[in-house]
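> Here is what each chain is made of, one letter per residue.
There are 2 protein chains.
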Amino acid sequence: MKNIALGQHHLAEFYGCCVDSINNKEFVRNAMVEAATLAKATIVTDVFHEFNPHGISGVVVIAESHFAVHSWPEHPCVSVDLFTCSDRMEPQLAIDYLAKIFKARDVSVQKVDRGQVSVPRVPTGVVL
Amino acid sequence: MKNIALGQHHLAEFYGCCVDSINNKEFVRNAMVEAATLAKATIVTDVFHEFNPHGISGVVVIAESHFAVHSWPEHPCVSVDLFTCSDRMEPQLAIDYLAKIFKARDVSVQKVDRGQVSVPRVPTGVVL
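Chains A and B are the protein sequences, given in the same order.
Under our numbering, the first residue of the first sequence is numbered 104, with each subsequent residue one higher.
Under our numbering, the first residue of the second sequence is numbered 104, with each subsequent residue one higher.
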């Protein structure tokens, strides 16, 4: 048996962002959809919500899991979750793009393995 | 100045779950909505998706951020994210409920501070 992670989860924080951009629902939605596309995600649907008096929350559901965003224009900070279940994806491209589009001064990223399970080893030379 | 976290993020894994339950979109949706209610969240909207040949992904957008779920019936494992921005919420009640309803044999939870910013200290005795 060997241990694998079913998902990779990048938890990214963007600090010192452009206040007007991260308080604009359509701007944040377009940024997240473009980030998902750049990361090679297959978009299933999305839902975004604007809070009163400020802040945007939203999720892009992708075939490979989900991207989520929360903005706090009053600080001005954005938290983004990139949860992926495919080795073919490139979440770093999404992070680089979001840092640029939000005009972030600082970016912090943690990577967490999700769903750690044991699966049988395939003997060398065996083609399934 | 003092440092605060704008959000608390619980990353929970449920292992050894009931396969039929975690592969049923309505079951998983109802479980997540009930978990959000128990945790004292204000539900804004939700979106759930059933994958072919198996697996459910879904998100409950709440006024306090989001709850997300991904199930892998083939393992059988469920990953749940509880992202909250309110001290009044009780995410542990949601975790306990989901462990029970999914019939999980093991549960693993990590807690991560999100959006760590500096804010002014309020002098003792000052009422805002």
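Fair warning: there could be bad hints in the mix.
Any copy will do: because identical chains look the same in the list, a pair fits if it lies in one copy or spans two.
[Unchecked claim] Pairs of lysine-lysine residues, derived as DSS-like cross-links and limited to a Cα-Cα distance of at most 30 Å, are as follows:
no.	residue 1	residue 2
1	K206	K105
2	K143	K206
3	K214	K143
Because the hints were derived from the structure by calculation, they are not lab data.
> Run every hint past the structure and note whether it holds.
These are the hints, each one checked on the structure:
1. With identical chains, the CA atoms of K206 and K105 are at most 30 Å apart between copies only, with a shortest distance of 25 Å across copies and 42 Å within one.
2. Taking the closest pair of Cα atoms, K143 and K206 come within 30 Å of each other only inside a single copy of the chain (22 Å); across copies the shortest separation is 34 Å, beyond that limit.
3. Both within a single protomer and between protomers do K214 and K143 lie at most 30 Å apart by alpha-carbon distance, with minima of 18 Å and 29 Å respectively.
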